[in-house]
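Participant: So you can see what is in the structure, the chains are spelled out below.
Protein chains: 2
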Amino acid sequence: MHTRRGLVLVFICAALLAWQGRALAEGQGDPLPSWNDGAIKQSIIDFVTRVTKEGGPDYVKPEERIATFDNDGTLWVEQPIYTQFAFAIDEVKAKASKHPDWKTKEPFKFVLAGDMKAIATMGEKGMVEIVAATHSGMTTVDFNKTVSHWLETAKHPRFKVLYTDLVYQPMLELLAYLRANHFKTFIVSGGGVEFMRNFTDKTYGIPPEQVIGSSGVTQFQMWDASPVLVKLPKVLFVDDGPGKAEGINHFIGRQPIFAFGNSDGDKEMLEWTAGCQRLCFMGLVHHTDAVREYAYGPDSKVGTFSNALLEEATGKGWAVVSMKDDWKVIFPPQK
Amino acid sequence: MHTRRGLVLVFICAALLAWQGRALAEGQGDPLPSWNDGAIKQSIIDFVTRVTKEGGPDYVKPEERIATFDNDGTLWVEQPIYTQFAFAIDEVKAKASKHPDWKTKEPFKFVLAGDMKAIATMGEKGMVEIVAATHSGMTTVDFNKTVSHWLETAKHPRFKVLYTDLVYQPMLELLAYLRANHFKTFIVSGGGVEFMRNFTDKTYGIPPEQVIGSSGVTQFQMWDASPVLVKLPKVLFVDDGPGKAEGINHFIGRQPIFAFGNSDGDKEMLEWTAGCQRLCFMGLVHHTDAVREYAYGPDSKVGTFSNALLEEATGKGWAVVSMKDDWKVIFPPQK
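As they're listed, the protein sequences go chains G and A.
Going left to right, the first sequence walks through residues 1 to 335 as the numbering used here numbers them.
Going left to right, the second sequence walks through residues 1 to 335 as the numbering used here numbers them.
What the hints contain is simulated information worked out from the structure, not anything from laboratory work.
Possibly wrong hints are sitting among the right ones.
Unchecked claim - Residues on chain A that point at chain G, a partial pick, calculated with CB under 10 angstroms:
| # | residue |
| --- | --- |
| 1 | E63 |
| 2 | F186 |
| 3 | E194 |
| 4 | R197 |
| 5 | E209 |
| 6 | T218 |
| 7 | F220 |
| 8 | Q221 |
| 9 | S226 |
| 10 | V228 |
| 11 | L229 |
| 12 | G241 |
| 13 | P242 |
| 14 | G253 |
| 15 | A274 |
As the list claims (entries may be wrong) - Straight-line Cα separation of at most 35 angstroms, DSBU-like style, residue types lysine-lysine; simulated pairs:
| # | chain 1 | residue 1 | chain 2 | residue 2 |
| --- | --- | --- | --- | --- |
| 16 | A | K155 | A | K93 |
| 17 | A | K316 | A | K328 |
| 18 | A | K202 | A | K184 |
| 19 | A | K234 | G | K234 |
| 20 | A | K61 | G | K155 |
| 21 | A | K328 | A | K155 |
| 22 | G | K202 | A | K267 |
| 23 | A | K53 | G | K145 |
| 24 | A | K125 | A | K145 |
| 25 | G | K316 | A | K234 |
| 26 | G | K184 | A | K202 |
| 27 | A | K125 | A | K95 |
| 28 | A | K145 | G | K53 |
| 29 | G | K61 | G | K328 |
| 30 | A | K328 | A | K105 |
| 31 | A | K61 | G | K53 |
| 32 | G | K61 | A | K145 |
| 33 | G | K160 | G | K234 |
| 34 | A | K155 | A | K95 |
| 35 | G | K184 | G | K160 |
| 36 | A | K234 | A | K301 |
| 37 | A | K316 | A | K145 |
| 38 | G | K61 | A | K202 |
| 39 | A | K98 | A | K155 |
| 40 | G | K267 | A | K202 |
From the three backbone atoms N, C-alpha and C, an ideal C-beta is built for every residue, glycine too.
In isolation and in its complexed conformation, chain G is listed as follows:
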């Protein structure tokens, strides 16, 4: 009796929802209101329409609708320096009193003196040392507390708002549009996975288990009969360049059919997606708007978008979004 009642209810609901679903699919409402009408917006909508059309030649089952997004410069601002590096610099300053040797030791002395040019000159070596010193030697729980507090208080030097307010409204709409069409959205970033997991759920609606990033080695220990994971100053995985394709395989185990990046570090993720053997979508955000955000490309050290990548994207028909021309607004309305 109960089982039959259940079946009848499920049937009624399925019929009602299908009817409503058709009405929605017939197109009330713009799913991407912050995107200007044009070829890029149309290509996104066309792609989603085709892969979700049951019985159509390009139909993809919901569980195979994997979409991967770079984070820095694709979902939020990455200038003038990567947000995670801004955090690391603030942490060096906050921890300086416990490390008197830093006053005379490179690269820390440059940070404490506010000499960003000297840090930039040191290149990757200096950055790695600063990140290692501020991202290891504590438990994962303590690290998360520090990051959360910083994200709730630190302000961007130009826009004077929280970093999490500097996410791109058009990309939030794109994430929501894909999820409404039963895509599973992932972040695949060169940034630290544990840093990102402190804001991705709240900011993008992407849960921790769908965040892929670079990571350090952790070590399981028992402290007073309580388990902890201690962060060690040792790299486990670099999720950048070819590492993005490798990371997608390692963490997801499926090939995406949709991927979005903004720089040379995303090239292999896009190439890997393009090899999906069916209809797939590859996109790049091009930072062309110095007034509302930033304009940069091949010469930028942060988020380098080389001419070679631009040529590859154009040649292969990947969508290159011009921030200036394709986006009506950049950031969400201030709360």
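Following the hints, put chain A in place on chain G, whose structure we already have.
Facilitator: Below, chain A alone, put in the same frame as chain G:
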């Protein structure tokens, strides 16, 4: 107009489904029919009831209901040797004609001579060499083809059926019961992640992106303008022992509230889960049934379940399932 109609429909359906949901929750049907009534079965049902009771003191939001399961010996048979090792041995035999040197080279000559005792004597070193030789030097796509074909044809030496037929029916019911209660179920295994992903979806209903395991390094390459990932003979991550707690943090980024294992390699996963700071459930399958499956414990090289772990589990109130006493049936009915 359309929006209002949509809201009304969603409301009607929500009400109907809530009504039906309550009827189901009131308990028609046994969610774990292959489990004998007793303390273990009751403790599972009590736990699920408490963490899903909205407004109750132990309520856990659906997105935080993370459940992790070991694979070998917890979800399927691991005797007389790990299934993945059986695959590797068959692969050595299949590839021998291309490697004439194997006839005289340890450990391959033992495999080709069928001398399992000699392989066992070599211990981990021999096993690692055999796995490296059979799990690298090809693309991920080719590896998956080989594994899939093997899984569709190779038979277990004692039970004479496919390895994927030797999954535990009571655990399939447990996975389904948890998912029906909005748990997200993950595998956290010492086995190779790429090996497992060839059957976990079909066999357990666990999609590739929810499978965590040991892994080798892969390398992105372009072959004739097509992207491939080549498997290298180099370990990236060992998901065993403390590595299980580290892997859970690395891949999921949330602490489970439910975990099941069967051997010393699961100790730290269970300890990490036990540190979840709220109601959580830790379980171990104890292989006590030589007639229907196998009976083994501290002296087994495969799936060692030491007395120390048994004492820890008993002392901490973890559920220790006796296969002989707690399970009505072991395997699903044969098709």
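Participant: Could you run down the list of hints and mark each one as holding or not?
Facilitator: Tested hints:
| no. | hint | verdict |
| --- | --- | --- |
| 1 | E63 | holds (6 angstroms) |
| 2 | F186 | holds (8 angstroms) |
| 3 | E194 | holds (7 angstroms) |
| 4 | R197 | holds (5 angstroms) |
| 5 | E209 | holds (5 angstroms) |
| 6 | T218 | holds (5 angstroms) |
| 7 | F220 | holds (4 angstroms) |
| 8 | Q221 | holds (8 angstroms) |
| 9 | S226 | holds (6 angstroms) |
| 10 | V228 | holds (8 angstroms) |
| 11 | L229 | holds (5 angstroms) |
| 12 | G241 | holds (8 angstroms) |
| 13 | P242 | holds (4 angstroms) |
| 14 | G253 | holds (3 angstroms) |
| 15 | A274 | holds (7 angstroms) |
| 16 | K155/A <-> K93/A | holds (15 angstroms) |
| 17 | K316/A <-> K328/A | holds (26 angstroms) |
| 18 | K202/A <-> K184/A | holds (16 angstroms) |
| 19 | K234/A <-> K234/G | holds (17 angstroms) |
| 20 | K61/A <-> K155/G | holds (31 angstroms) |
| 21 | K328/A <-> K155/A | holds (24 angstroms) |
| 22 | K202/G <-> K267/A | holds (33 angstroms) |
| 23 | K53/A <-> K145/G | holds (29 angstroms) |
| 24 | K125/A <-> K145/A | holds (27 angstroms) |
| 25 | K316/G <-> K234/A | holds (34 angstroms) |
| 26 | K184/G <-> K202/A | holds (19 angstroms) |
| 27 | K125/A <-> K95/A | holds (20 angstroms) |
| 28 | K145/A <-> K53/G | holds (29 angstroms) |
| 29 | K61/G <-> K328/G | holds (32 angstroms) |
| 30 | K328/A <-> K105/A | violated (47 angstroms) |
| 31 | K61/A <-> K53/G | holds (33 angstroms) |
| 32 | K61/G <-> K145/A | holds (21 angstroms) |
| 33 | K160/G <-> K234/G | holds (34 angstroms) |
| 34 | K155/A <-> K95/A | holds (19 angstroms) |
| 35 | K184/G <-> K160/G | holds (33 angstroms) |
| 36 | K234/A <-> K301/A | holds (24 angstroms) |
| 37 | K316/A <-> K145/A | violated (44 angstroms) |
| 38 | K61/G <-> K202/A | holds (15 angstroms) |
| 39 | K98/A <-> K155/A | holds (24 angstroms) |
| 40 | K267/G <-> K202/A | holds (33 angstroms) |
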